[in-house]
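Colleague: Sequence:
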Amino acid sequence: MNSRTKRILSTVAIVIASVVFGIVVSADLGLMRKSNAQSTPIQTTSPSATVTSVTIPSFADIASRVAPAVVSITSTEVIKTNSMRRQPFGIDPFDFFFPNPNGSRRRPNSQRDQGGDDDEHAQRSGGSGFIISPDGYILTNNHVVEGATKVDVHFGADTEGNGGHTVSAKIIGRDPATDIALLKIDVPGTLPTVPLGDSDHIRKGDWAIAIGNPFQFENTLTVGVISAKGRALGLSEETRSFENFIQTDAAINFGNSGGPLLNINGEVVGINTAIRGGGAQGLGFATPINTAKRLLPELKQGKVVRGYLGMGIVPVTDEAKESFNLPDAHGALVQEVTAGKPADRAGIKAGDVVVAIDGRSINTNRDLIDYISYLPVGSHCENGRASARS
Numbered sequence: 002m003n004s005r006t007k008r009i010l011s012t013v014a015i016v017i018a019s020v021v022f023g024i025v026v027s028a029d030l031g032l033m034r035k036s037n038a039q040s041t042p043i044q045t046t047s048p049s050a051t052v053t054s055v056t057i058p059s060f061a062d063i064a065s066r067v068a069p070a071v072v073s074i075t076s077t078e079v080i081k082t083n084s085m086r087r088q089p090f091g092i093d094p095f096d097f098f099f100p101n102p103n104g105s106r107r108r109p110n111s112q113r114d115q116g117g118d119d120d121e122h123a124q125r126s127g128g129s130g131f132i133i134s135p136d137g138y139i140l141t142n143n144h145v146v147e148g149a150t151k152v153d154v155h156f157g158a159d160t161e162g163n164g165g166h167t168v169s170a171k172i173i174g175r176d177p178a179t180d181i182a183l184l185k186i187d188v189p190g191t192l193p194t195v196p197l198g199d200s201d202h203i204r205k206g207d208w209a210i211a212i213g214n215p216f217q218f219e220n221t222l223t224v225g226v227i228s229a230k231g232r233a234l235g236l237s238e239e240t241r242s243f244e245n246f247i248q249t250d251a252a253i254n255f256g257n258s259g260g261p262l263l264n265i266n267g268e269v270v271g272i273n274t275a276i277r278g279g280g281a282q283g284l285g286f287a288t289p290i291n292t293a294k295r296l297l298p299e300l301k302q303g304k305v306v307r308g309y310l311g312m313g314i315v316p317v318t319d320e321a322k323e324s325f326n327l328p329d330a331h332g333a334l335v336q337e338v339t340a341g342k343p344a345d346r347a348g349i350k351a352g353d354v355v356v357a358i359d360g361r362s363i364n365t366n367r368d369l370i371d372y373i374s375y376l377p378v379g380s381h382c383e384n385g386r387a388s389a390r391s
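Residue numbers for the sequence shown follow my numbering, beginning at 2 and rising by one.
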């Protein structure tokens, strides 16, 4: 067969591979409306003495609106003295990002209660979270609460000294693959909330605002920009296919895990998740909030289900574009197809390039994974594909 590109349209029955992560509690420290912000003019002088002004926003209004809905999370786990603690992504993200020079393990913001039994002890660790509904639903990272036998949520005191109380929380649902967890607290009255934004519409260079509890310094606000989108860190096989991090230089430290990353309007665009160490500066990573929004209905049910086509895909590189005489480097290149699975039954072959699905353009393999993963059980979709087979 020659290398000319042909386009075909087919209907694919999506088979859902349901992965029930359950609602077992767990723990570890891991890794708004449009702002009415005040502006401070800064004057600069050119060599010709012409004075211009640059407007730098104040983030004080955002801080006052959002901070009451950002909470500190403490989780407790009873573990065996000599047992290996289950870590997020199969490893401790802080060992991955911040290894000690002598190779030993570290547990930031972690405390240990020694009991009379030499075989087990209670270990406490902490992170951050944010309230998304007036009735007490809270989003955080899975690795903040994974393995916990007890989870507490602490409200910091406001500027007038109000607050500062702690309540018990229940883990409603967890998704280790995206490192997202949903908690619920039951308290009287209406709780403050943080509005959820649209992470698909953020751009490199946009303002990025992180609020959390690094090193137990409650409601710490730091500011930077969106440095990049679509980052993969390769933390483990379990998360590899779903890694799609927002990169920011807003300072994120131990204890920020699970806290919100905000845009200039005070809307959540990401969940702060990981940081890169080894002497690096300004390398923080957040899970896009749109990922959490798609998962929320299933997290509330205590399980997450995902679509499955039965094929392996990779990005279309410039080399592949030239080798297969493709019109551009967009789409998802099919490397392999599992016999008898939905992709095989739809006639998809190794060497095909999926360029659209249900009328939506597929620019990278990441786009296809995200779309298929969140389709409901029994869904059908139309996919446009080009053949790269020779």
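Keep in mind that the hints were calculated from the coordinates and are not lab data.
One thing to keep in mind: the hints can contain errors.
Claimed, not checked - EDC-like mimics (lysine to aspartate or glutamate), calculated; alpha carbons at most 20 Å apart, straight line:
| hint | residue 1 | residue 2 |
| --- | --- | --- |
| 1 | K230 | E383 |
| 2 | K171 | D153 |
| 3 | K294 | D199 |
| 4 | K301 | D153 |
| 5 | K304 | D371 |
| 6 | K301 | D207 |
| 7 | K185 | E337 |
| 8 | K294 | D371 |
| 9 | K322 | D368 |
| 10 | K230 | D199 |
| 11 | K350 | E299 |
| 12 | K230 | E337 |
| 13 | K185 | D153 |
| 14 | K185 | D136 |
| 15 | K230 | D207 |
| 16 | K205 | D368 |
| 17 | K342 | E299 |
| 18 | K342 | E383 |
| 19 | K294 | D136 |
| 20 | K322 | E337 |
| 21 | K171 | D187 |
| 22 | K301 | D136 |
| 23 | K294 | D153 |
| 24 | K205 | D153 |
Colleague: Look at each hint and say if it fits the structure.
Modeller: Now the hints, each set against the structure:
no.	hint	in the structure
1	K230 / E383	violated (27 Å)
2	K171 / D153	holds (9 Å)
3	K294 / D199	holds (9 Å)
4	K301 / D153	holds (19 Å)
5	K304 / D371	holds (17 Å)
6	K301 / D207	violated (31 Å)
7	K185 / E337	violated (42 Å)
8	K294 / D371	holds (13 Å)
9	K322 / D368	holds (18 Å)
10	K230 / D199	holds (13 Å)
11	K350 / E299	violated (32 Å)
12	K230 / E337	violated (27 Å)
13	K185 / D153	holds (11 Å)
14	K185 / D136	holds (8 Å)
15	K230 / D207	holds (11 Å)
16	K205 / D368	holds (18 Å)
17	K342 / E299	violated (24 Å)
18	K342 / E383	holds (16 Å)
19	K294 / D136	holds (17 Å)
20	K322 / E337	holds (18 Å)
21	K171 / D187	holds (9 Å)
22	K301 / D136	holds (13 Å)
23	K294 / D153	violated (23 Å)
24	K205 / D153	violated (36 Å)
In the structure shown, a violation is registered for the earlier hints numbered 1, 6, 7, 11, 12, 17, 23, 24, in ascending order.
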